[in-house]
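S.K.: Here are the chains, one letter per residue:
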Amino acid sequence: MNQPLIQINNLEKAFASNDSWLKQWRFQNGKFRHHKDNVHALNGVDLTIYQGETLCIVGETGCGKSTLARTIMGLTTPTSGEIYYLDQRIDHLNNKQRMPFRRRMQMVFQNPYASLNPRMTIYQTLNEPIAFHNPQLTRTDIDEKINVLLESVGISASSSDRYPHEFSGGQRQRISLARALSVEPDFIVADEPLSALDVSVQAQVLNLMMDKQEEHNLSYLFITHDLAVVEHFATRVAVMYLGRICELASTNDLFNSPKHPYTRALLSAIPRLDSNATQPIKLIGEVPTPIEKPIGCVFQARCPYANQRCYEESPIMLLQSDATSVACHAVEEERI
Amino acid sequence: MREIKKDLIHHPVPGSRWSHIWSGFIGDKLAVFALFIFIFYCLVSFLAPLLAPFDLNDPAFIDLINAEIAPSWISQDYRFLLGTDAQGRDLLSIILYGTRLSLTIGLCAVAIQATLGICIGLIAGYSGGRIDNFLMRCADIQLSFSNMMVAIVFLAIFQSIFGIAMYQQLAMVILILVIGLSEWPLFARTVRASVLAEKQQEYVDAARVMGISSKRIMFRHILPNTLSPILVIFTVQIANAIVTEAALSFLGLGMPVTEPSLGSLISDGFTYMFSGSWWICVIPSATLIILILAMNMLGDWLRDHLNPKVYKD
Amino acid sequence: MNLLSVNNLHVSFQIKKQELAALIDVSFTLNRGERIAIVGESGAGKSILGFSIVNLISKPGFIKSGSVKLERKELTTMNLRQLQEVRGKRIAMIFQDPMMTLNPVISIGDQLVETIRSHTKITYKDARNIAIKKLQHVQISSPEKRFDQYPHELSGGMRQRVIIASVLLLNPDVIIADEPTTALDVTIQAEILQLLLDICHDNGVALVLISHDLGVVSKVAERTLVMYAGRIVEEGPTLEIINDPQHPYTQGLLNALPQMTLPGQRLNQIQGSMPSLTERPTGCAFHPRCPYATDKCQQEQPNFIHSGVSSVSCFLVEDMVNEFADQSVEPHE
Chain A
23 MNQPLIQINN LEKAFASNDS WLKQWRFQNG KFRHHKDNVH ALNGVDLTIY
73 QGETLCIVGE TGCGKSTLAR TIMGLTTPTS GEIYYLDQRI DHLNNKQRMP
123 FRRRMQMVFQ NPYASLNPRM TIYQTLNEPI AFHNPQLTRT DIDEKINVLL
173 ESVGISASSS DRYPHEFSGG QRQRISLARA LSVEPDFIVA DEPLSALDVS
223 VQAQVLNLMM DKQEEHNLSY LFITHDLAVV EHFATRVAVM YLGRICELAS
273 TNDLFNSPKH PYTRALLSAI PRLDSNATQP IKLIGEVPTP IEKPIGCVFQ
323 ARCPYANQRC YEESPIMLLQ SDATSVACHA VEEERI
Chain B
266 MREIKKDLIH HPVPGSRWSH IWSGFIGDKL AVFALFIFIF YCLVSFLAPL
316 LAPFDLNDPA FIDLINAEIA PSWISQDYRF LLGTDAQGRD LLSIILYGTR
366 LSLTIGLCAV AIQATLGICI GLIAGYSGGR IDNFLMRCAD IQLSFSNMMV
416 AIVFLAIFQS IFGIAMYQQL AMVILILVIG LSEWPLFART VRASVLAEKQ
466 QEYVDAARVM GISSKRIMFR HILPNTLSPI LVIFTVQIAN AIVTEAALSF
516 LGLGMPVTEP SLGSLISDGF TYMFSGSWWI CVIPSATLII LILAMNMLGD
566 WLRDHLNPKV YKD
Chain C
831 MNLLSVNNLH VSFQIKKQEL AALIDVSFTL NRGERIAIVG ESGAGKSILG
881 FSIVNLISKP GFIKSGSVKL ERKELTTMNL RQLQEVRGKR IAMIFQDPMM
931 TLNPVISIGD QLVETIRSHT KITYKDARNI AIKKLQHVQI SSPEKRFDQY
981 PHELSGGMRQ RVIIASVLLL NPDVIIADEP TTALDVTIQA EILQLLLDIC
1031 HDNGVALVLI SHDLGVVSKV AERTLVMYAG RIVEEGPTLE IINDPQHPYT
1081 QGLLNALPQM TLPGQRLNQI QGSMPSLTER PTGCAFHPRC PYATDKCQQE
1131 QPNFIHSGVS SVSCFLVEDM VNEFADQSVE PHE
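Chains as they are written, first to last, in the numbering used here: chain A, 23 to 358; chain B, 266 to 578; chain C, 831 to 1163.
Hints are computed from structural coordinates only; laboratory data are not their basis. Accuracy of the hints is not assured; some may be wrong.
Listed next, the in silico DSS-like pairs over lysine-lysine satisfying Cα-Cα at most 25 Å (straight line) [stated by the list, open to error]:
| id | chain 1 | residue 1 | chain 2 | residue 2 |
| --- | --- | --- | --- | --- |
| 1 | C | LYS963 | C | LYS975 |
| 2 | C | LYS847 | C | LYS919 |
| 3 | A | LYS281 | A | LYS234 |
| 4 | C | LYS846 | B | LYS294 |
| 5 | C | LYS903 | C | LYS919 |
| 6 | B | LYS464 | B | LYS480 |
| 7 | B | LYS294 | C | LYS847 |
| 8 | C | LYS899 | C | LYS889 |
| 9 | C | LYS919 | C | LYS955 |
| 10 | C | LYS846 | C | LYS919 |
| 11 | B | LYS294 | A | LYS118 |
| 12 | C | LYS846 | C | LYS889 |
| 13 | A | LYS234 | B | LYS294 |
| 14 | C | LYS894 | B | LYS294 |
What follows is a set of in silico ranges between Cβ atoms, one per label pair, in the way DEER data are often shown [said to hold, decoys possible]:
| id | chain 1 | residue 1 | chain 2 | residue 2 | range |
| --- | --- | --- | --- | --- | --- |
| 15 | C | ARG1110 | B | SER493 | 26 to 34 Å |
| 16 | A | ARG357 | C | ARG1110 | 53 to 61 Å |
| 17 | B | ILE555 | A | ARG161 | 47 to 55 Å |
| 18 | A | THR98 | B | ASP405 | 24 to 32 Å |
| 19 | B | SER493 | C | LYS847 | 21 to 29 Å |
All C-beta atoms in this analysis are idealised placements derived from N, C-alpha and C, irrespective of residue type, glycine included.
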């Protein structure tokens, strides 16, 4: 195995809800109590990302995958837990201290229409990071770098003075990728970069990302809900639910023998072209908003195999015989 | 290394945003007309010293013999094209100088409003939390005072403390300051609302991930995207500032008699409205009304056409 | 007799002296209780087709020519009052974003009641009962409680169910669903699709499903129409289209799916991108991106011909069909 690039230990993140000051005081048992509602987005995430791999995070709305991405990139600070980049702790750095890491870790976002500043030409968009991180380069050097970068993502360099709205969604996503690559990072977090694109355009952008990975030996943290892309692109897959990782396995293992009940339900729900016969496993209820800190397993409310232990004790990730990790009492007790 | 096929760039929106706006502008004749009027006003008032038949500082300018002569098409006196006022001043010249004064005060006051309002709005919107709360409460306090009342009180106090002579010297500057400092909350609130929306956008996150400083993000990234509503308010506020100054002058708290603005002309001429010399009040009023109308039309048109939804995919 | 028949529909947009064609020569039929899908990417015109069936295209778009018939009534020439009788009551629409359709300041129950009472004279209490029954019908748990909730208090899947409930209140003959599950999570998507399927089956309602997701389509629709640059390029039974696509675009679309390539290999992408309204190529609109394009494809528009159980608009297929036909009529010695 390669060297671990990113190490995440017991990461927790709770957002204070936006209740007005008055709403925070409740009249309970004859006394006024101050109570602030929190949304617990991450409830103890442990993860290691190795160099050169593509780790995909799969999950539905509310599972915390975007929060995880943002916390790793330093856009929010975690409530507790640690994040390491090559043995250096990065979770509680201020802007200045984080600067050397900014070059090495970059991000591509979901919405191609909002991730480029509509008032800046793409030349200006690419110029800013390059000039900022490389003050020693001359204007001509930077120009050349930008041209090379644009050509390498399949955008003609002569269009660098155009504005984002003059490009299609797929092209914008490629420009965003170019921007991320402009500082020559080792690690890129991609937060659902293909979701807003058409199928044929997805293929183009995905091919580009794969090419770049090969060229620059990049590591990806790829967040998506599209399991077909995961099956194609990922080295390892982590399935998240309500701020915890349920299952972590290599792609083959996850798709061939999913263990966690949630993973199974998820896989059975994908409308696949070939398997028209499989009935999706129906889960009870909807994904709840994680307002209360969960006691017991986060999946208890919807799990068909939940027992008393699941309500009281939160399962930890256990290594299985085939090198996958699952956090489930039922699997541990071999009830499934 | 695999070759990446080059992509053909197709332009869903021909040309840039501004050419779009410009072509829409030319097509709308009313907007062109309004702009033309505004430019005309700016030009003639800027060139007032050259265009005015009489110099304001010429002692022969105020000659009581020439008092209350009707406009040239009535009195056939072609020395004074638009007639004279009660002190014998040529109305045309004085309107030119007056318009210049009104426009200067309007533009400078709004420049102050805008600068102050935009900075406060940006900081409040981007920082959020306590700073945002504090600044917006300041804005609320400012808004709860009626602008006219504050202006009147301030100017009256100033006049009584420093005397009329001193006041008359600094009148223009003080008016600009008073009007400028009273209406910044309008800009601040508008900018803050836009900033709150833009802050959520992913390009701001991308800039943060790049390590760009907050100050640069505010001014270089977010501010250009909040300009559309500001532009609209800007034009309307210039009109408002001119009217406010006119109202203050009408009340006697504005420009002194020696440096009349459109407002003080209207004010002075009002007493002569019904005693026969109607032109002393009506002609400056018409000038002011046309200017305000033109500015408001421009502002309306800008609001309709700078709607970002038209340019969103 | 067909329930809905669209014939040679042309829809254009008048943008600043230029007339841009958004739909060209679109024809298809829909029978009672049938479920069809319209598949295509952004810019193909599938949403515009959905809207133009109920004449919801507004300026600068307009229906240039062609006909849309509901049983025997012509919809394109109806006035507003006649259209209002058709919309909702006979042809209903479900949109992608339920938050856009639901009024955020009125509780969902009241919105349903409003729909009921605007078409029938009954008391609030009776209307409320009907609404709650319908909410139950679309599998919303504890409907009495949900009745008083506001749209923002419900999840995306729930809101879409409420929309389906409100659509069913008027017992339409056709439901046009424009990307109803695109904004939803995978597990919820499966449930909503199953719900649509059950409802259409139980009530004999015809369904026009507009989507870009072939997987979704394969679960629900019996027949599929593939659109490209404003035209229908292929039409046929869904399974046939998925297993044996004939038009090069459909083939490209299916090949581009990650399932079709071995993991780790580059995906098969279609070169170039869908042309915008202003840049439609001459002849067959797909020829700049087609690996089999000939000179004829650049000059002429292919006809829509039958090929087996499907219909395709492609010269390549036309030549093959003709060749096969010629071969089969060769006299046996």
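S.K.: Each hint: holds or not?
M.R.: How the hints compare with the structure:
Of the pairs offered as hints, the one joining C/LYS963 and C/LYS975 holds, with about 13 Å between alpha carbons and a cut-off of 25 Å not exceeded. With a C-alpha separation of about 37 Å, the suggested pairing of C/LYS847 with C/LYS919 is violated against the 25 Å cut-off. Proximity of A/LYS281 to A/LYS234 is assessed by CA-CA distance (about 33 Å); at most 25 Å being required, the pair is judged violated. Proximity of C/LYS846 to B/LYS294 is assessed by CA-CA distance (about 16 Å); at most 25 Å being required, the pair is judged to hold.
A hinted pair counts as satisfied when its Cα atoms are at most 25 Å apart, and C/LYS903 with C/LYS919 qualifies at roughly 14 Å. Distance check on the hinted pair: B/LYS464 and B/LYS480 sit about 13 Å apart at the alpha-carbon level, within 25 Å; holds. Our distance criterion of 25 Å between C-alpha atoms is met by B/LYS294 and C/LYS847, whose separation comes to about 18 Å. As the CA atoms of C/LYS899 and C/LYS889 are separated by approximately 22 Å, the hinted pair is consistent with the 25 Å bound.
Between C/LYS919 and C/LYS955 the alpha-carbon distance is near 22 Å, which keeps this suggested pair within the 25 Å criterion. At roughly 36 Å between alpha-carbon atoms, C/LYS846 and C/LYS919 are farther apart than 25 Å, so this suggested pair is violated. With a C-alpha separation of about 54 Å, the suggested pairing of B/LYS294 with A/LYS118 is violated against the 25 Å cut-off. For the suggested pair C/LYS846 and C/LYS889, the alpha carbons sit about 12 Å apart, so the restraint of at most 25 Å is met.
Taking the CA atoms of A/LYS234 and B/LYS294, the gap is about 53 Å. The hint is violated against a cut of 25 Å. Restraint check for C/LYS894 and B/LYS294: the C-alpha separation of about 30 Å exceeds 25 Å, so the hint is violated. Checked against the hint of 26 to 34 Å, the C-beta distance between C/ARG1110 and B/SER493 comes to roughly 32 Å, which is consistent with it. Range check, A/ARG357 to C/ARG1110: about 60 Å between beta-carbon atoms, so the 53 to 61 Å window is met.
Look at B/ILE555 against A/ARG161: about 49 Å separates their beta carbons, and that is inside 47 to 55 Å. Distance hint check: the CB atoms of A/THR98 and B/ASP405 are about 30 Å apart, consistent with the given range 24 to 32 Å. With their beta carbons about 26 Å apart, B/SER493 and C/LYS847 fall inside the hinted range of 21 to 29 Å.
Taken one by one, the earlier hints fail for this structure at numbers 2, 3, 10, 11, 13 and 14, listed in ascending order.
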